[in-house]
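Can you make the complete structure from the sequences, with help from the hints?
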Amino acid sequence: MIELLTPFLAATIRTATPLALAASGEVLVERAGLINIGLEGAILAGAFGALAGASLWGVPAGFAGAVVGGLVIAALFAICVIGLRTDQIITGTVLTLLSMGATGTLYRTMFGAAGAGLTIPTSLPVSIPGLSRIPILGPSLFEQPTITYVAFLLGPCSAWWLAHTHAGLALRAIGERPEAAEAAGIPIDRFRVLVLLVGGALGGLAGGTLVLAQVGTFAEGMSAGRGFIAIAIVVLGRWNPLGVMLGATMFGAASAMQFAFQAMGWHAPYQLFLVAPYLLTLAALAGAVGRARAPAALGKPPS
Amino acid sequence: MQANSDALDLVAISKRFGAATALEAASLRVRRGTVHALLGENGAGKTTLMRVAFGSIRPDAGQVLVHGRQVELRSPAQAIAAGIGMVHQHFTLVPEMTVAENIALGGHGRLRLGDVEAAIRDISARTGFDLDPAARVETLPVGAQQRVEIAKALARRASILIMDEPTAVLAPAEVDDLLRWLRQFAADGNTAILITHKLHEALDVAVDVTVLRRGRVVHTGSAATATAASLTTAMLGSRMESVAVPERPSDATMSTVVFRAERLVVRDSHGVARVRDASFVIRTHEIVGVAAIEGSGQQELLRALAGRQRIDGGTLERPAHVGFVPEDRQGKALLLDRALVENIALRDAGERRGLLRWRALRERTASLMAAYDVRAPNEASVARTLSGGNQQKLVLAREIEGENPPAAIVLENPTRGLDVRAAAEVHARLRAARDRGTAVVVYSGDLDEVLALSTRVFVMRVGSVREVAQDRETVGRAMLGLDR
Amino acid sequence: MIPGLVGVVLVRLRSVGYALLSIVAIVALTALLVSLGGYDVVRALRALWLGSVGSPYALTSATLVRAVPLALTGCAVAIAFRAGVFNIGAEGQLLVGAAGATAIALAVPPLGVGALLLALMAGAAAGAAWAGIAAFLRTRFGVLEVISTIMLNFVALYGVSYVVRGPLQEPTHAYPQTASIAQAVRLPLLPGGGRLHVGLVVAVIVIAVAGWAMRHTAAGFRVLAVGESPAAAASAGLIDTRAVSTGAFIVSGAIAGLAGAVEVLGVTYALYENLSPGYGYTAIAVALLAGLDPWRVSLAALLFAALEAGAGAMQRDAGVPATLVATIEALIVLAVIAFQAQRARRTADAGIVGTMQIPRG
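Protein chains in written order, with numbering that gives the first Met the number 0: chain A, 0 to 302; chain B, 0 to 483; chain C, 0 to 360.
Treat the hints as calculated values from the structure; they're not laboratory data. Think of the CB as a built atom: it goes at the ideal place given N, C-alpha and C, for glycine as much as any other residue. Among the clues, some could well be false.
To be verified - Derived coverage of chain A by chain B (criterion: at least 3 residues anywhere in the stretch with Cβ under 8 Å from a Cβ of chain B; other residues may be distant):
no., stretch
1, 171-177
2, 183-189
3, 270-279
Said to hold, decoys possible - Take a look, some chain A residues computed to stay more than 12 Å from chain B by CB distance:
no., residue
4, E2
5, G82
6, T108
7, I119
8, L136
9, T216
10, P294
Structure, rendered in structure tokens:
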């Protein structure tokens with residue numbers, strides 16, 4: 000049993016990383032009163048950007064490409080929703096469809112026929128001196144790719160930013176009472192565009208993590224609903240960046256169960272494990288809503 | 000020399016909204032170190048004038064001088080920089096946040112709540128306000144929220160403080176505290192402008208008084224030389240001006256009861272009782288006018304009568320179908336992006352069964368449009384493309400002229416936004432409906448309209464309802480709470 | 000009578016004009032993107048033409064066969080969106096409907112039309128139930144239906160994956176699919192020798208009924224009113240907005256489920272994993288392009304079906320990735336919603352001119 004713990008924890012953290020990245024961005028977006036359903040598309044675009052960057056110039060360029068991919072989708076969302084005042088939900092949905100089509104097309108155009116197993120350089124684990132020697136926990140938690148440490152530092156950092164800067168305060172006010180924020184002289188639209196771009200960049204990084212730190216290649220539609228799960232994690236984490244870290248870890252653990260169960264020789268339809276995160280999301284949403292309070296202006300059309 | 004002693008000078012300010020004149024060459028001189036009361040009825044232009052001074056409305060004409068220097072205020076931010084603070088009637092606080100966060104909002108860089116809290120304690124000490132910086136605003140009583148708004152202005156170093164109807168939401172003891180504080184604030188060399196329609200407050204606290212009526216300044220002078228009677232006359236206009244011809248109550252023998260309320264209680268969404276123990280009867284063949292100052296519970300009463308809000312106590316007998324013209328016509332009465340005929344079809348859509356007969360509905364829409372002079376290309380026009388006045392006439396037509404004339408109609412400010420001729424037409428429609436036997440209940444912020452239309456007048460004040468004699472001064476005094 | 004007829008013709012003509020405009024935009028965009036990708040534009044467009052509408056076979060067996068599920072799911076999405084319900088779950092509802100129809104078609108004795116109808120109804124019922132889960136979560140717990148329906152799409156996908164390897168796997172247990180549905184329970188093919196089946200008639204009937212019901216029934220009008228403005232629907236129309244949106248959600252699921260049933264009974268004759276190439280997602284683009292109008296959905300479905308049929312040919316003949324059409328569809332829809340939002344804003348601004356905005360005071 001105990002020998003399974005290290006791989007289980009390692010798998011938990013590994014699968015939680017992209018969710019933590021994407022949800023960290025979305026939590027800020029939602030605190031500003033917006034819902035970006037296009038996050039799924041940003042993750043996918045980030046995954047493709049990572050592939051393009053890494054195959055041309057290596058891992059760092061891969062992460063840069065991931066950010067660019069996410070930013071493209073977020074910028075389109077901002078132009079439509081903030082600039083043209085289109086419906087948030089519809090715009091996000093269409094942008095996800097766009098990202099699915101565009102990444103598939105670009106992939107096939109740039110890298111040949113679909114399905115060719117293209118491998119690219121990946122981000123290697125970095126051991127934290129000292130901490131990685133802790134039994135069980137060390138190898139699982141402190142021998143991870145750099146992006147994982149970044150992802151889990153985002154929670155405390157953005158929690159601090161929200162609580163201890165005037166910009167963070169302004170962002171929260173925009174999400175609760177835009178008209179009060181406006182009365183206080185806060186440029187609402189500028190804040191919202193910026194936070195959307197940050198959310199898109201983090202969504203892109205989440206996609207980049209899938210490619211560069213986990214799978215090592217790109218597959219069409221590889222985001223597989225992680226954007227939507229990240230949005231659910233924001234609800235589960237009660238719109239709090241630290242809660243979001245916890246929620247992402249929980250989802251990571253649920254996904255990691257399949258490795259543990261398989262290692263234990265537990266026979267169940269494998270689809271049950273694959274479907275677990277989605278069922279968990281539904282259960283979590285049904286349980287979380289009502290107990291947590293969403294930003295008051297969440298999802299309302301900008302005026 | 001005079002200019003130096005003036006904190007705020009508004010010179011010949013004019014402002015029009017569409018076809019309506021909100022302000023016409025209104026001038027106001029506020030002396031430094033004084034409390035200045037700005038009096039007037041609902042819609043007299045008090046708030047509009049003060050929004051000009053606060054930079055949130057740009058005037059069509061006129062000048063603004065602050066401490067003798069001409070300024071151009073394009074935004075509240077510029078007014079704040081000029082040392083002007085405004086406490087709106089509807090607060091601009093974030094209820095979900097703490098007092099300290101609300102006061103800090105709009106700053107830059109690191110947010111040091113400790114510093115903000117120290118500043119709040121300092122303001123508390125100076126003003127005598129007892130503010131808990133860590134309290135969430137939504138948990139505070141209204142009076143405390145108002146003090147937060149004042150503290151917000153003071154934290155931004157406002158020396159000219161505009162307060163819009165500050166006492167409307169306060170309990171009597173709180174009113175006394177606030178007025179005492181305002182006097183002290185002015186005595187310290189600052190300036191306060193008090194927008195109100197309560198005469199005794201104005202006379203009690205103000206050094207100077209200005210009265211607005213229909214966008215014009217009709218009186219300005221020292222409070223010491225004014226009396227309640229002189230100010231009332233200034234506010235309400237001379238009796239000669241009144242065009243109201245009180246309707247004679249109709250023959251009681253031919254009328255039956257439509258609404259019967261016994262100790263009716265209606266609460267708002269916060270659970271506050273806005274209608275308290277109201278008992279009354281409204282019959283067929285009558286128009287009951289409701290007169291009240293803003294926020295006296297008339298909205299809740301009307302919604303309950305219209306069946307659009309549930310009642311929380313007592314009993315209310317009402318017909319199943321009540322036509323309803325709400326104040327927020329765009330949001331609550333219209334499908335803005337749909338055709339006019341669909342907006343007509345909306346009536347009773349909840350209980351319609353089977354098929355919609357569009358041809359009949361189109362004909363009906365066309366005839367209503369003709370009858371109410373709704374100006375639009377045709378019945379397929381989209382509601383949003385109509386002017387506000389025409390949207391309003393469409394709603395009135397739909398609600399007043401039910402397919403089977405409704406037993407009752409409830410209306411909020413039925414002619415706000417209409418020109419004189421259109422308003423007269425609406426009045427004629429309401430009288431015609433009454434003559435057909437419909438019970439009509441109408442609230443209007445315009446007292447003249449209430450008096451002109453009604454067969455009986457109810458005055459609402461702090462949730463209580465009572466019938467008063469249809470006399471302009473009696474009603475006006477009852478609304479202001481001066482008759483007891 | 001005559002002016003009414005002229006009006007109807009004009010409205011139809013406007014729809015056709017709108018469709019023609021979409022076609023021109025799509026062809027232009029395709030040409031642009033294909034040339035940007037460095038492919039042979041002439042060859043690609045020729046393939047697009049031949050693969051979609053260039054021959055009777057392409058028109059019926061490629062385009063129209065694809066148009067059937069797109070039209071049904073597009074209609075499902077349009078009804079839900081009209082009610083203000085963002086049902087992104089047509090894909091899952093389609094899969095569950097396909098599974099339900101297959102289960103019944105394999106289980107009942109092949110008694111011809113009766114069994115066929117039963118299977119179709121089972122598909123619709125399964126789709127309705129699947130949407131019902133999201134509808135319940137929405138009304139009971141306030142769960143955003145966008146998220147729940149997407150999650151249910153994945154659950155449906157893996158559910159199908161499980162049943163075709165488990166309880167419903169074909170008797171030899173060699174392939175991940177169900178046994179073949181008996182001839183008698185299949186939707187008959189239409190004459191002409193192609194793959195086109197009676198499902199086309201089913202789709203036309205559903206769209207006709209939905210379009211008629213939305214326009215001419217009180218219930219349809221309630222859906223429209225609630226989607227347009229819940230506040231006005233409740234206050235001015237005294238409409239139970241929650242009941243209306245739940246009802247529309249479930250009807251939407253039923254139609255998407257029916258699409259799945261039609262697909263297995265008319266095209267694949269068995270349930271397997273990749274039954275739908277994302278019809279339920281393309282349906283969102285179809286519904287939005289059609290302005291959520293069931294009649295226009297049929298045109299938009301036809302357009303996108305032709306595009307996707309042609310895309311296969313483009314990939315074969317000119318090497319252009321078939322996914323290009325998904326990009327084009329999304330770009331066109333994005334342009335349409337941006338244009339609509341701008342137009343709504345312009346009329347709103349125009350409306351404000353005459354609106355009274357006098358502050359109280």
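Structure-based check of each hint:
1. 171-177: holds (count 4)
2. 183-189: holds (count 3)
3. 270-279: violated (count 0)
4. E2: About 48 Å separates A:E2 from the closest Cβ of chain B, which puts it past 12 Å; holds.
5. G82: At about 20 Å from chain B, A:G82 clears the 12 Å cut-off, so the statement holds.
6. T108: At about 41 Å from chain B, A:T108 clears the 12 Å cut-off, so the statement holds.
7. I119: The assertion about A:I119 holds, with a minimum of 42 Å to chain B.
8. L136: Given a closest Cβ separation of 35 Å, the condition holds.
9. T216: At about 44 Å from chain B, A:T216 clears the 12 Å cut-off, so the statement holds.
10. P294: Since the minimum Cβ distance to chain B is about 8 Å, A:P294 lies within 12 Å and the statement is violated.
Hints 3 and 10 from the list above are not met by this structure, while the remaining hints are.
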